[in-house]
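Student: Here the protein sequences come in this chain order: A and B. Just so it is clear: in the first sequence, position 332 is 334 by our numbering, and no numbers are missing. Just so it is clear: in the second sequence, position 182 is 184 by our numbering, and no numbers are missing.
By construction, these hints were calculated from the structure, which means they are not laboratory data. Please read all numbers here as calculations on a predicted model, not as lab measurements. Be careful, since some hints might not be right.
With a straight-line Cα cutoff of 27 Å, these simulated DSSO-like cross-link-like pairs (lysine-lysine) come out [what the hints assert, rightly or not]:
#1 B:378 / B:323
#2 A:22 / B:242
#3 B:321 / B:22
#4 A:5 / B:321
#5 A:218 / B:242
#6 A:364 / A:378
#7 A:323 / A:218
#8 B:5 / A:323
#9 B:323 / B:218
#10 B:424 / A:321
#11 A:323 / B:323
#12 B:218 / A:321
#13 B:65 / B:5
#14 A:321 / B:51
#15 B:378 / B:352
#16 A:323 / B:321
#17 B:22 / A:218
#18 B:22 / B:51
#19 B:378 / B:242
#20 B:321 / A:218
#21 A:364 / A:352
#22 B:65 / B:51
#23 A:321 / B:5
#24 B:5 / A:5
#25 B:321 / B:5
#26 A:242 / B:51
#27 B:218 / A:5
Protein chains: 2
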Amino acid sequence: MEKIAIGFLGCGNIGCGVYKLLESYGAQIEANEGVAFDVRKILVRSLGKKRAYDVDERLLTDKPEDVLDDPDIAIVMEFMGGNEPASSYMIRALEHGKTVVTANKMALASRWDEIVAAAREHQSGLYYEASVCGAVPIIRAINDSLQANRITSVMGIINGTTNYILTRMSSEGAAYADVLADAQRLGLAEPDPTADVEGYDAAYKLSILSTLAFHKHVPVTSVYREGITNVTPLDVQCGKEFGLTLKLLAVAKEEDGVVQARVHPTFVPNAHPLASVNNAFNAVYVQGHACGEMMFYGRGAGDMPTASALVSDLIKAAKTKRHTMPAVAAGDCVMAEDWHCVHFIRMQAKDQPGVLSYVCGKFAEHGVSIASMVQKGEGEQSGSVQLIFLTHTASEKAVRTALGEMDSAMVIQGSVIRVEGKQ
Amino acid sequence: MEKIAIGFLGCGNIGCGVYKLLESYGAQIEANEGVAFDVRKILVRSLGKKRAYDVDERLLTDKPEDVLDDPDIAIVMEFMGGNEPASSYMIRALEHGKTVVTANKMALASRWDEIVAAAREHQSGLYYEASVCGAVPIIRAINDSLQANRITSVMGIINGTTNYILTRMSSEGAAYADVLADAQRLGLAEPDPTADVEGYDAAYKLSILSTLAFHKHVPVTSVYREGITNVTPLDVQCGKEFGLTLKLLAVAKEEDGVVQARVHPTFVPNAHPLASVNNAFNAVYVQGHACGEMMFYGRGAGDMPTASALVSDLIKAAKTKRHTMPAVAAGDCVMAEDWHCVHFIRMQAKDQPGVLSYVCGKFAEHGVSIASMVQKGEGEQSGSVQLIFLTHTASEKAVRTALGEMDSAMVIQGSVIRVEGKQ
Numbered sequence: 003m004e005k006i007a008i009g010f011l012g013c014g015n016i017g018c019g020v021y022k023l024l025e026s027y028g029a030q031i032e033a034n035e036g037v038a039f040d041v042r043k044i045l046v047r048s049l050g051k052k053r054a055y056d057v058d059e060r061l062l063t064d065k066p067e068d069v070l071d072d073p074d075i076a077i078v079m080e081f082m083g084g085n086e087p088a089s090s091y092m093i094r095a096l097e098h099g100k101t102v103v104t105a106n107k108m109a110l111a112s113r114w115d116e117i118v119a120a121a122r123e124h125q126s127g128l129y130y131e132a133s134v135c136g137a138v139p140i141i142r143a144i145n146d147s148l149q150a151n152r153i154t155s156v157m158g159i160i161n162g163t164t165n166y167i168l169t170r171m172s173s174e175g176a177a178y179a180d181v182l183a184d185a186q187r188l189g190l191a192e193p194d195p196t197a198d199v200e201g202y203d204a205a206y207k208l209s210i211l212s213t214l215a216f217h218k219h220v221p222v223t224s225v226y227r228e229g230i231t232n233v234t235p236l237d238v239q240c241g242k243e244f245g246l247t248l249k250l251l252a253v254a255k256e257e258d259g260v261v262q263a264r265v266h267p268t269f270v271p272n273a274h275p276l277a278s279v280n281n282a283f284n285a286v287y288v289q290g291h292a293c294g295e296m297m298f299y300g301r302g303a304g305d306m307p308t309a310s311a312l313v314s315d316l317i318k319a320a321k322t323k324r325h326t327m328p329a330v331a332a333g334d335c336v337m338a339e340d341w342h343c344v345h346f347i348r349m350q351a352k353d354q355p356g357v358l359s360y361v362c363g364k365f366a367e368h369g370v371s372i373a374s375m376v377q378k379g380e381g382e383q384s385g386s387v388q389l390i391f392l393t394h395t396a397s398e399k400a401v402r403t404a405l406g407e408m409d410s411a412m413v414i415q416g417s418v419i420r421v422e423g424k425q
Numbered sequence: 003m004e005k006i007a008i009g010f011l012g013c014g015n016i017g018c019g020v021y022k023l024l025e026s027y028g029a030q031i032e033a034n035e036g037v038a039f040d041v042r043k044i045l046v047r048s049l050g051k052k053r054a055y056d057v058d059e060r061l062l063t064d065k066p067e068d069v070l071d072d073p074d075i076a077i078v079m080e081f082m083g084g085n086e087p088a089s090s091y092m093i094r095a096l097e098h099g100k101t102v103v104t105a106n107k108m109a110l111a112s113r114w115d116e117i118v119a120a121a122r123e124h125q126s127g128l129y130y131e132a133s134v135c136g137a138v139p140i141i142r143a144i145n146d147s148l149q150a151n152r153i154t155s156v157m158g159i160i161n162g163t164t165n166y167i168l169t170r171m172s173s174e175g176a177a178y179a180d181v182l183a184d185a186q187r188l189g190l191a192e193p194d195p196t197a198d199v200e201g202y203d204a205a206y207k208l209s210i211l212s213t214l215a216f217h218k219h220v221p222v223t224s225v226y227r228e229g230i231t232n233v234t235p236l237d238v239q240c241g242k243e244f245g246l247t248l249k250l251l252a253v254a255k256e257e258d259g260v261v262q263a264r265v266h267p268t269f270v271p272n273a274h275p276l277a278s279v280n281n282a283f284n285a286v287y288v289q290g291h292a293c294g295e296m297m298f299y300g301r302g303a304g305d306m307p308t309a310s311a312l313v314s315d316l317i318k319a320a321k322t323k324r325h326t327m328p329a330v331a332a333g334d335c336v337m338a339e340d341w342h343c344v345h346f347i348r349m350q351a352k353d354q355p356g357v358l359s360y361v362c363g364k365f366a367e368h369g370v371s372i373a374s375m376v377q378k379g380e381g382e383q384s385g386s387v388q389l390i391f392l393t394h395t396a397s398e399k400a401v402r403t404a405l406g407e408m409d410s411a412m413v414i415q416g417s418v419i420r421v422e423g424k425q
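With the sequences and hints as input, model every part of the structure.
Tutor: Have a look at this one:
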């Protein structure tokens, strides 16, 4: 069988995973799928570097043109990560009529318009299943399985590092910094964890997912983002008492043509399927007008799970005669300026008559209705009490305004955590 | 845009769901996907019958040839259910070069060879996402997203009726017959519930799933099948004490070229993702050598979820230039004659010295190693005790032989329930 020539951009863990998978399972793929691949060139930064897998050294090059300008190479697989030079390389490959298979959510989300335009203009294939949730075929599900649905919401645990940290904080009552340090020791968090813990990684992925789900471009700059660095064991514990589990959730909803897309620490009810997605696992919960609720669960990172998605895209690309891009309306979509959800609010208040009435009065004034409340004494000596409120569905703005107006001499505000998935 | 002429075989709840979805969402599908459909003919048994949706009566016919032999009709959608005449109609349509989209697991599993051969011989399209787990795109996942994986196991809750019954038995401690009666009242179980509660429905689906996962034909007649009619509240309760949840699981595994496929009541650890799949929801848990563990969760039945999958197939079929069938080796595969798993064994034994030693001796004799055991007195008057064993991974045959040899004057055996998903 004629082999399709492919080139790699990058050869870190993911690239080595793809190389290994093609080497070890390529014959079976050929037997099952009728396509075979030949890795021709691999662009690396440093030729002499020790790699995670024993890659044929004759394939290595440090000249991008060896991959991008070789007319024999039909498919370029990109796993360099980062915005540049990955984006420019992908665009150049697309302009040369090559198909691009990528795992790069940052480049894709940041330069969506340019990359997609290059693919469209040159009728080149562009495949990016691996860019969101590793092995989990959520892109394929939205594009190829839920086409008959108006998707109303997408909620996901789409960053493994933060889910690992929150899972341990929840099960052990541990502090954020301690678990982060552990995760770094175990290689589950980067030495600079910002992209994960501040929600940037999840925001890139949510931009891609919501753009496909709603058929409108949701730029990553329009995604509201809040990380997990301020989450305290006390919040986690108080949530438990209300039957809630804390997750860094990526939430996108469309209502009456207006889209909200946001990444923030979120409580979900323990009985919700997302609540039991633990450790480094990822899951995306989708609601469609015909299909109802669905969830897709699996390994969102790691060399072999990511390689599984990349090689799946490679096979799909090789079998596709005419590449198409999912329909996305031109221009950016209308983003919500406010949204409604249940809010968990924890505050420390002066232990004196009238405080509770004062706080409740402020909420009422702004139309924030309280579903349940717990007051916890902190000992008579302390002079303060903990107040924990769970609101009914309420406007985010109204909640913020009400809290902003409260006299700091009476209440010290602890946390406001949004709640999703409550029936 | 030119509309693709389609014909329906059947117009019950599912057919009405597809009709409604095409009518209400067809314009959006056309905008997003670039394909449009025109329902030309609908085969029904009785022309005058009242239907779930207001279908254009001029489309109805009681003559199969109006659908099957009309050269204008390119795609035939089958939702009659049952083996005949559905199978013959599908084969006839395929022989006429038409694409068939079906939700019929019984016909597909029972007559796999013939139906697939007809599609292959005439290069006709055959799409059946809706035949397994309603809206959940598990067929697409196996065929189009996990192609780079040697799939080692597929475990699913793939029958909503039995999952509803077991969920309620578990949460309420209720008896099987009572919950079944309730489910029948609510329309969640058929007046004759045999196909669901005896595991036939799950066996059809497992035959299809395992055939695709392992690329070998696993005939439905080779699927071991045991229903839930003998499950007692006592078993459910005892399992809970061991941290186990009872499910009707469809399990397929391949090891060294030998396949095991079985449907039976199964305990899964509470922390396993399948344990929290409740009520009428379906989920399939897949393990692949590259992707690791994955789970696909959603609504396995109902008119609109099933229509979501059928219309997705319809769109895919319409956009596909050359239909292909997944690679399945010729001939049936080698099925396991025995399998190994953890066993939960409950028995009532004479409350007399030496019984426990006798029972443990029998297990030891056959190489069945015990992981944990609980003995519960039933009151000194009763003269008997309950013994509950959890084995280490043990051969099914060895367990059965050991139990078969035990003297019924000493022990009355209650239940043997297999356990899957234990680490």
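Student: Next, verify each hint and record whether it holds.
Tutor: Results for each hint:
Under the criterion of a C-alpha separation no larger than 27 Å, the hint pairing residue 378 of chain B with residue 323 of chain B is inconsistent with the structure, at around 65 Å. The suggested pairing of residue 22 of chain A with residue 242 of chain B is violated, with an alpha-carbon distance near 43 Å, which exceeds 27 Å. Pair hint residue 321 of chain B plus residue 22 of chain B holds up; C-alpha atoms about 21 Å apart against a cutoff of 27 Å. For a cut-off of 27 Å, the pair hint linking residue 5 of chain A to residue 321 of chain B stands: about 26 Å separates their Cα positions.
About 47 Å separates the Cα atoms of residue 218 of chain A and residue 242 of chain B, which puts this hinted pair outside 27 Å; it is violated. For the hint linking residue 364 of chain A to residue 378 of chain A, the alpha-carbon distance of about 20 Å falls within 27 Å, and the restraint holds. Proximity of residue 323 of chain A to residue 218 of chain A is assessed by CA-CA distance (about 26 Å); at most 27 Å being required, the pair is judged to hold. Of the pairs offered as hints, the one joining residue 5 of chain B and residue 323 of chain A holds, with about 22 Å between alpha carbons and a cut-off of 27 Å not exceeded.
Only pairs whose Cα atoms come within 27 Å are accepted, and residue 323 of chain B paired with residue 218 of chain B is accepted, the gap being roughly 26 Å. Between the alpha carbons of residue 424 of chain B and residue 321 of chain A the distance comes to roughly 39 Å, so the proposed pair goes past 27 Å and is violated. Under the criterion of a C-alpha separation no larger than 27 Å, the hint pairing residue 323 of chain A with residue 323 of chain B is consistent with the structure, at around 8 Å. Taken as a hint, the residue 218 of chain B and residue 321 of chain A pair is honoured in the structure, with Cα atoms around 22 Å apart against an allowance of 27 Å.
For the suggested pair residue 65 of chain B and residue 5 of chain B, the alpha carbons sit about 23 Å apart, so the restraint of at most 27 Å is met. Restraint check: the Cα-Cα separation between residue 321 of chain A and residue 51 of chain B comes to about 45 Å, which exceeds 27 Å; the hinted pair is violated. A distance of roughly 12 Å separates the Cα atoms of residue 378 of chain B and residue 352 of chain B; the hinted pair therefore holds under the 27 Å criterion. For the hint pairing residue 323 of chain A with residue 321 of chain B, the CA-to-CA distance comes to about 11 Å; that is within 27 Å, so the pair holds.
With a C-alpha separation of about 25 Å, the suggested pairing of residue 22 of chain B with residue 218 of chain A holds against the 27 Å cut-off. For the given pair, residue 22 of chain B sits about 18 Å from residue 51 of chain B by alpha-carbon distance, which is consistent with the 27 Å threshold. Between residue 378 of chain B and residue 242 of chain B, the direct Cα distance comes to roughly 15 Å. Compliance with the 27 Å bound is thereby established for this hinted pair. Distance hint between residue 321 of chain B and residue 218 of chain A is fulfilled; the C-alpha atoms sit about 22 Å from each other, no more than 27 Å.
Among the hinted pairs, residue 364 of chain A with residue 352 of chain A is consistent with the structure: their alpha-carbon atoms are about 16 Å apart, no more than 27 Å. Between the alpha carbons of residue 65 of chain B and residue 51 of chain B the distance comes to roughly 16 Å, so the proposed pair stays at or under 27 Å and holds. Between the alpha carbons of residue 321 of chain A and residue 5 of chain B the distance comes to roughly 26 Å, so the proposed pair stays at or under 27 Å and holds. With a C-alpha separation of about 38 Å, the suggested pair residue 5 of chain B and residue 5 of chain A falls outside the 27 Å cut-off, and the hint is violated.
Simply put, residue 321 of chain B and residue 5 of chain B have alpha-carbon atoms about 12 Å apart, close enough for the 27 Å limit, and the pair holds. Between residue 242 of chain A and residue 51 of chain B, the direct Cα distance comes to roughly 53 Å. Violation of the 27 Å bound is thereby established for this hinted pair. Distance restraint check for residue 218 of chain B and residue 5 of chain A: the Cα-Cα separation of roughly 25 Å lies within the 27 Å cut-off, and the hinted pair is therefore satisfied.
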